[in-house]
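Visitor: Protein chains in written order, with this note's numbering: chain A, 1 to 358; chain B, 1001 to 1261.
If you're looking for bench data, these hints aren't it; they were derived computationally from the structure. Among the hints, a few may not be true.
Said to hold, decoys possible - Cβ pair distances, simulated, as ranges:
id : chain 1 : residue 1 : chain 2 : residue 2 : range
1  : B       : Ala1121   : A       : Leu224    : 54 to 62 Å
2  : B       : Asp1229   : A       : Leu224    : 55 to 63 Å
3  : A       : Leu341    : B       : His1201   : 31 to 39 Å
4  : A       : Ala286    : B       : Asp1069   : 33 to 41 Å
5  : A       : Gln248    : B       : Glu1237   : 42 to 50 Å
6  : A       : Leu337    : B       : Asp1027   : 38 to 46 Å
7  : A       : Ala333    : B       : Asn1204   : 51 to 59 Å
8  : A       : Leu337    : B       : Gly1105   : 35 to 43 Å
9  : B       : Pro1232   : A       : Met285    : 57 to 65 Å
10 : B       : Thr1109   : A       : Ser34     : 48 to 56 Å
11 : A       : Ala286    : B       : Asp1249   : 48 to 56 Å
12 : A       : Pro319    : B       : Gly1105   : 35 to 43 Å
13 : B       : Gly1191   : A       : Leu252    : 37 to 45 Å
Stated by the list, open to error - Here are a few chain A residues that sit away from chain B, every Cβ distance over 12 Å (derived from the structure):
id : residue
14 : Gln9
15 : Val173
16 : Phe216
17 : Met285
18 : Leu294
Glycine included, each C-beta is placed from N, C-alpha and C at the ideal position.
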Amino acid sequence: MLSRLTRRQFCLALGSLLALALVASAAIGAFTFSPAQLVRDLAQAAGWTPASAADALGRNVLLKLRLPRVLLCGLTGAVLGVSGTIMQGLFRNPIVEPGLAGTSAGAALGAALVFVFGGTTALAFTSLGSLAVPVLAFAGAFGATMLVYRVSSSFGKVNVFTLLLAGIAVNAVCNAGTGYLSYVARDPQARNITFWNLGTFTTADWRGVAMVGLVFAVCFGWSLRYGKALNALMLGEDEAAYLGIDPQRLILRLILLNTLMVAVDAAMVGVIAFVGLVVPHMLRMAKSSDYTFLLPASALLGAVLMELVDIAARLVIRPAELPIGILTAVIGAPVFLGMLLRQQRLGGAPVATGGAHG
Amino acid sequence: MVELRGVGYEAGGRRILEAVDASFLEDRFNVILGPNGAGKSTLLKIAAGLLAPSAGTVRYGERAVTPADARGLARMRAVLSHHVELAFPLAVEDVVLMGRYPHYGRAPTARDREIVASALALVEMSDRRRQAYPTLSGGEQQKVQLARVLAQIWSEGRSAESTVLFLDEPTSNLDVHYQVHLLEATRGLLGRGCTVVAILHDINTALQFGDRFLLLESGRVALTAERADQIPAALVEHVFRIRARQVRDPEQGDVIWRFGR
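Given the sequences, and given the hints that come with them, work out the whole structure.
Guide: Written out as structure tokens, the structure is:
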């Protein structure tokens, strides 16, 4: 059925699905809203109908807690979906995601620095105020990703094998740093780091929505220009160059925009694994591996999936909720293993395919 | 026409090419011959504008060739390598469409789609256009890659600007059926203002399809020949370090080489 749809129809269907998921996600939770209530509260908040005192509590929950959470969740899904797509294109491999190249771990280390030392005035970054977490997360993510890139590139070429191995090493160093910080931290801060490493939308506010929304809009718009180039890169760097693309410049730009998007998002919601892996995989199976399709579609599907997982996180152990990263790992890790097994059965080396030989 | 003047190349302190002068002529099938490590691939990469030479110049007619002009070059020069793998199940027609990337912006035009269809028809792969590329056999994959590079430099009849097609050991993984099919398809470009330059390993295949020959030895030109019978057996024996003997095809009368130790 899916294969009959054109790519445009497919994206429209995903868009409708997203609208449904957003409404469901806004309605469901410790405080339940009926669709009629949602409309009434929104209309009152917008000033289209006079605000009634009876609805004040519900309106407050919806505006101050529920809506920012729903939007931040959708944006996070979109960021992770697009990021997974970009990184799989860069590495020419379907088993790559931001967790692999050090991006997430670097962001986590940067943010953990702020969590633990943020209170001490001795450090310069306290002057950044509320921007300290995103700025240091970006610094950490960019530093880690660039280190992986530098180690693995020689003679102006990126070696995929080394890149993956360097990712493991840099991840280990960053995780050790974060682990040390949570070890020396006094208790509430350590708890903050734990929560953050598992991902959470409970702290969502409008400032976070605005920041992630803005960065995502810029990076996503920018990335759409590289659909063709990512396709050409599938053939290998030399073949891409013969098609008029400068592969080294392309790789650098994609790493930059990808890191920016992932770090700012991670600074708000923490580390959420496997979404970036699963989303492009589902789209490849359902439709096509063409990046001009994957880039927009992975933003939509990422948002849909994230909303669904977040609804589940709110429901499974009611009235408490599960950290979102636990759920995505439980769902994503088996998919990842399944993909590895499949690649092995097909006889292709999982880490070294792609590109011209000779 | 592709002209190399005094081309040299050094990498890691090693001299790979030295003072290479070569002309590859339009509407000819120019073949680069030589043993492994003679610098054939490097020469092709320099001639195709991927690598900048350490010394010397490359021109296509009046046009100076530099890696900085990647986009402009991509519209009139294509390169077919010997084997391209894809890690992703991209459809055959999407792979061929890549050849049109240098020619369109965000979305392909109807003309680009037509060219993709024509290129697929030319390599007899039209009925496979929706199949996933990695599920094709090696020979079929190479046909698709040929369709991609043909789409890149497509022209109806004789176009105003001449085109260049480089082939880097295009048939080294193929059985004789695909070898002959692929090389005949590229010979079909001759007479349309296309310069074909190929590295071929099999000397008999090279002599059968080529009509101009450059023999490379240790980064230097050992011989330039217009016809197969201008290649002396003694030189081939020396360059390839092998015993060589020529026999005549009793029907066609052309030369076939036999090799032994």
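Visitor: So which hints don't hold here, by number, going up?
Guide: 1, 6, 12, 17, 18
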